[in-house]
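*Asks:* Sequence:
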Amino acid sequence: MNKRLHWSLLMVFLLSPLFADNVVEEIVARVNNSIITNTELDKNKSQLKQEMEQQDPGNADKLYSEREKDLLRDMINQQLLLDRGKDLGITADTEVIKKLDEMRKQMNLDSMEALEKAAQSQGVSFEDFKQNMKNQIITQQVISKEIGSKMAISKEEVEKFYEEHKSDFEQPEQIRLSEILISTDPKTGSTEDAQKIVDSAEAKAKQLKDEIGKGASFEDVAKKSSEGPTATQGGDLGLFKRGTLAKELEDLTFAMKSGQVSDVIRTKQGWVLLKVTEHQVGGVPPLKDVEDK
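Quick note: to get our numbering, add 12 to the position in the sequence shown (first position is 1).
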């Protein structure tokens, strides 16, 4: 996960692999009092390959080849940042909990245990996931503190840093979604036929779609008529990267433009209208979008 993690002005020292009869791990780099092993490097290579396949399946091999050659350097830079974070007393524990809870809410999960199971079902180590998130937060805060402490940075320096570290600013394609849900769960005490409930809910969802098509605000309609848990927030579900939604929904929503509203969609919970409120293109954003960061 690349989100501006690396610090360009730090010195790095690569050591040749150390060999001895009792060495069970090959050391590929030493950073201050820490080491990077070949196993850790291979693990990061696997993660990078997965990210590239999710980001652009058709060009995954090419993207991986371009990024892989700088991977060890990036790992060293991150470790230097983590060491600096220790010096500054940055732990990021609170921030990790907040981000995990935000993710849990976005996925409509009841507990952290459910989030952990969801990660494991995708073949992801939850502990590794949390550690990666923590490392990213620490490195971002270190960069913010170190750069923020400078009295002034010239435009030329900003442009040079951006050009030399474009890969550090690369972001995945992602969308922000809002929903309007019309539930098909039988109301308490209702004796209405199940199919009639489904048909009635579909008709109401289509009616709301017509209202939005005639100019009604999606957010206002969601607050007034949605029966989903995000109704009070105007239906906002948060941001989703490729690979985090069910394939049918991903294919549908990632093909939509910002501001576009879907047709009614049948789900387990009922009939849903989805709006793409933001569609961030993957790749490296232009300098004007990141220079303040």
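No wet-lab data here; the hints were simulated from the structure.
Because the structure is a prediction, the values reported are computed rather than measured.
Accuracy of the hints is not assured; some may be wrong.
What the hints assert, rightly or not - Derived DSBU-like pairs (lysine-lysine); straight-line CA-CA distance at most 30 Å: (1) K146 - K178; (2) K178 - K111; (3) K74 - K300; (4) K253 - K55; (5) K74 - K253; (6) K55 - K146; (7) K178 - K55; (8) K221 - K253; (9) K253 - K117; (10) K117 - K221; (11) K235 - K208; (12) K146 - K61; (13) K235 - K259; (14) K142 - K129; (15) K208 - K280; (16) K98 - K172; (17) K110 - K81; (18) K110 - K98; (19) K178 - K253; (20) K253 - K236.
What the hints assert, rightly or not - Restraint ranges, calculated between C-beta atoms of paired labels, are given here: (21) K129 - E260: 19 to 25 Å; (22) D205 - S179: 56 to 62 Å; (23) T103 - S212: 40 to 46 Å; (24) R85 - N120: 21 to 27 Å; (25) I47 - E290: 14 to 20 Å; (26) Q219 - Q132: 38 to 44 Å; (27) E171 - N120: 39 to 45 Å; (28) A72 - S270: 24 to 30 Å; (29) S133 - D68: 21 to 27 Å.
Backbone N, C-alpha and C define an ideal beta-carbon position, used for all residues, glycine too.
*Asks:* Indicate, hint by hint, whether the structure satisfies it.
*Replies:* Here is how each hint holds up against the structure:
no. : hint                    : result
1   : K146 - K178             : holds, 22 Å
2   : K178 - K111             : holds, 25 Å
3   : K74 - K300              : holds, 27 Å
4   : K253 - K55              : holds, 21 Å
5   : K74 - K253              : holds, 21 Å
6   : K55 - K146              : holds, 17 Å
7   : K178 - K55              : holds, 23 Å
8   : K221 - K253             : holds, 26 Å
9   : K253 - K117             : holds, 15 Å
10  : K117 - K221             : holds, 25 Å
11  : K235 - K208             : holds, 25 Å
12  : K146 - K61              : holds, 21 Å
13  : K235 - K259             : holds, 28 Å
14  : K142 - K129             : holds, 13 Å
15  : K208 - K280             : holds, 16 Å
16  : K98 - K172              : holds, 28 Å
17  : K110 - K81              : violated, 34 Å
18  : K110 - K98              : holds, 21 Å
19  : K178 - K253             : holds, 20 Å
20  : K253 - K236             : holds, 28 Å
21  : K129 - E260: 19 to 25 Å : holds, 22 Å
22  : D205 - S179: 56 to 62 Å : holds, 58 Å
23  : T103 - S212: 40 to 46 Å : violated, 52 Å
24  : R85 - N120: 21 to 27 Å  : violated, 39 Å
25  : I47 - E290: 14 to 20 Å  : violated, 41 Å
26  : Q219 - Q132: 38 to 44 Å : holds, 41 Å
27  : E171 - N120: 39 to 45 Å : holds, 43 Å
28  : A72 - S270: 24 to 30 Å  : holds, 26 Å
29  : S133 - D68: 21 to 27 Å  : holds, 24 Å
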